[in-house]
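*Asks:* Chain by chain, the residues run as shown.
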Amino acid sequence: MSDYLIQQIVNGLSLGSLYALVAIGFSLIYGVIRLVNFAHGDLLMIGAFMTFGLVASDMVPWAAIPLLVLAGGFAAGGLIERVAFRSISGAPMITGFIVTLSASIAIQNLALIFLGSQPRNFNFPEVFRMRLPIGGADVALIDIVIPAVTLLCALGLTTFIRRTRVGIAIRAVAENPFAAQLMGISIGRLVFLVFGLGGALAALAGLFWSGKYGQINPLMGFLPGLKAFLATIIGGVGSLPGAIAGGYILGFSEIAFVGFLPPEYSGYRDAFVFGLLILILLVRPQGLFGEAEQERA
Amino acid sequence: MLRVEDLHVDRGRTKVLQGINLSVEPGEIATLIGANGAGKTTTLMTLSGLLPIAGGRAEFRAERGPLDIGATSPVGLVRAGIIHCPEGRQIFGRLSIEENLQLGAYLSNDRDRIAQAVADIYEWFPILGERRALKAGNLSGGEQMMLAIGRALVAEPKLLLLDEPSLGLAPQITEEIFDALGKLNREKGVTMLIVEQNAMLALELADRAFVIENGRIVLTGTGKELLDDPAVFEAYLGVG
Ligand SMILES: Nc1ncnc2c1ncn2[C@@H]1O[C@H](COP(=O)(O)OP(=O)(O)O)[C@@H](O)[C@H]1O
Ligand SMILES: [Mg+2]
Chain D
395 MSDYLIQQIV NGLSLGSLYA LVAIGFSLIY GVIRLVNFAH GDLLMIGAFM TFGLVASDMV
455 PWAAIPLLVL AGGFAAGGLI ERVAFRSISG APMITGFIVT LSASIAIQNL ALIFLGSQPR
515 NFNFPEVFRM RLPIGGADVA LIDIVIPAVT LLCALGLTTF IRRTRVGIAI RAVAENPFAA
575 QLMGISIGRL VFLVFGLGGA LAALAGLFWS GKYGQINPLM GFLPGLKAFL ATIIGGVGSL
635 PGAIAGGYIL GFSEIAFVGF LPPEYSGYRD AFVFGLLILI LLVRPQGLFG EAEQERA
Chain P
742 MLRVEDLHVD RGRTKVLQGI NLSVEPGEIA TLIGANGAGK TTTLMTLSGL LPIAGGRAEF
802 RAERGPLDIG ATSPVGLVRA GIIHCPEGRQ IFGRLSIEEN LQLGAYLSND RDRIAQAVAD
862 IYEWFPILGE RRALKAGNLS GGEQMMLAIG RALVAEPKLL LLDEPSLGLA PQITEEIFDA
922 LGKLNREKGV TMLIVEQNAM LALELADRAF VIENGRIVLT GTGKELLDDP AVFEAYLGVG
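Top to bottom, those sequences are chains D and P. Position one of the first sequence corresponds to residue 395 (this note's numbering), numbered consecutively onward. Position one of the second sequence corresponds to residue 742 (this note's numbering), numbered consecutively onward.
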């Protein structure tokens, strides 16, 4: 294998992982309450700025930063649920659409006011910017760490949903909230938990994003959020494996378009990526892993 | 165990329940019968805290003293022992049989007790035990009803609310289900309030019966009394 190819595969895995981390939250939230949370991408930005702040403050040990970012992302996700979503529970779908879109704009503007519109350069310390020789290619350590951590998160979350009592309850609420209530399940608490979990993973993606690209700004969550949303659709909304697969499909195709198309086209990579999405949906409208929409009880 | 006095409940702008009076004593089977749209499901949903009470009172006599149903959350009512087995079964079709039963005991933290309760259900309904790993959506209607009852029993109900257990089942299956309910009441002492359109079956089983019409209780008696009542016979038991 050429070192160029290895490099591209690593890039695809790394970028795909970031999309997957964000897509998981989209999918979880949609799966449980049939809501597309448009503010979800902004949690990536919040995670990135938390990382920036924690690093700049120089007050916490390095190892604690990812844990704090996860916790902060959980809190931020939960806050969105409490403030934006809970107030409209029971309202029609379109209300949720508008409310989360408004929440997104509010978060972005608050960030612009308090953090400034200038992009900030910020680099992880030297040790975390190590490069490794793999099969002749010169690979950034972080591009290995990102897929590895994503894999761990995905496995952990899947096990949680499949095996634990709360995980079973989450699936029950997703399928039939009315019957779930009769089991003594508090739907509000589970919805909060799901927003929190999604927020934690999106914030973690923000930490990785800032480390990988070395630059952050208040609007940085928008495009990755949009693409992660597409990843969920490609995978089949509401399906966790689908969201993860969708993230990687998107990451790889984006890298492939940039890496293998003639350079004059690489500026149009998003057009190609979105074109691919349309193609996939033409063939499989319910997404790769989605079940054809069933009637709900 | 359950005392309902002059209960009024609205759904949207419709005044659906307009003065329900009924009571259920510990250990007995009570039944609420009436035509489609009379307000039976509304009554049960109110008793499990899913609909607000517009007037009157519903009180559950729990071990720890009386509980005002209107002032208690759905979770609180499940915890107190009011378990609702809903109309149309509403099992979780994408979850396994085992997972469905586990969810019945969602509020319990006693793993050994849950395991024992689930094992008991498999003993009562062996067919469920044989298929415990199967997705519940694959079960037949009668088996789904067994699962719905099993799921409710795992919660260790003090008062079991059953909404039309016969709905959509073949007559022979319905009889099996009602036999099982009678046996559960005799052997385990489960107190029940059964809502039915199939009045004959329900009255044969019930110690106490209430007839509901347009959101009001119009007749009360023992199951036998109502079975022998010509008015009831004409309205609910006659042909058509
Ligand atoms: N979700 C609802 N919103 C408004 N009205 C309802 C709703 N569900 C039932 N109703 C009305 O309440 C009345 C009683 O319904 P229900 O309690 O389901 O009757 P039953 O179970 O005896 O067939 C009916 O007239 C029905 O139209
Ligand atoms: Mg009904």
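Rather than coming from a laboratory, the hints here were simulated on the basis of the structure. Note that beta-carbon positions come from the ideal geometry of N, C-alpha and C, so glycine has one too. Take the hints with a grain of salt, since some may be wrong.
Derived CB-CB ranges, DEER-like [stated by the list, open to error]: (1) P:Asp747 / D:Ala469: 44 to 52 Å; (2) P:Arg873 / D:Thr553: 17 to 25 Å; (3) P:Arg798 / D:Leu549: 49 to 57 Å.
*Asks:* Next, verify each hint and record whether it holds.
*Replies:* Results of checking the hints against the structure:
no. : hint                            : in the structure
1   : P:Asp747 / D:Ala469: 44 to 52 Å : holds, 47 Å
2   : P:Arg873 / D:Thr553: 17 to 25 Å : holds, 20 Å
3   : P:Arg798 / D:Leu549: 49 to 57 Å : holds, 52 Å
Violation of the numbered hints given earlier is absent; every hint is satisfied by the structure.
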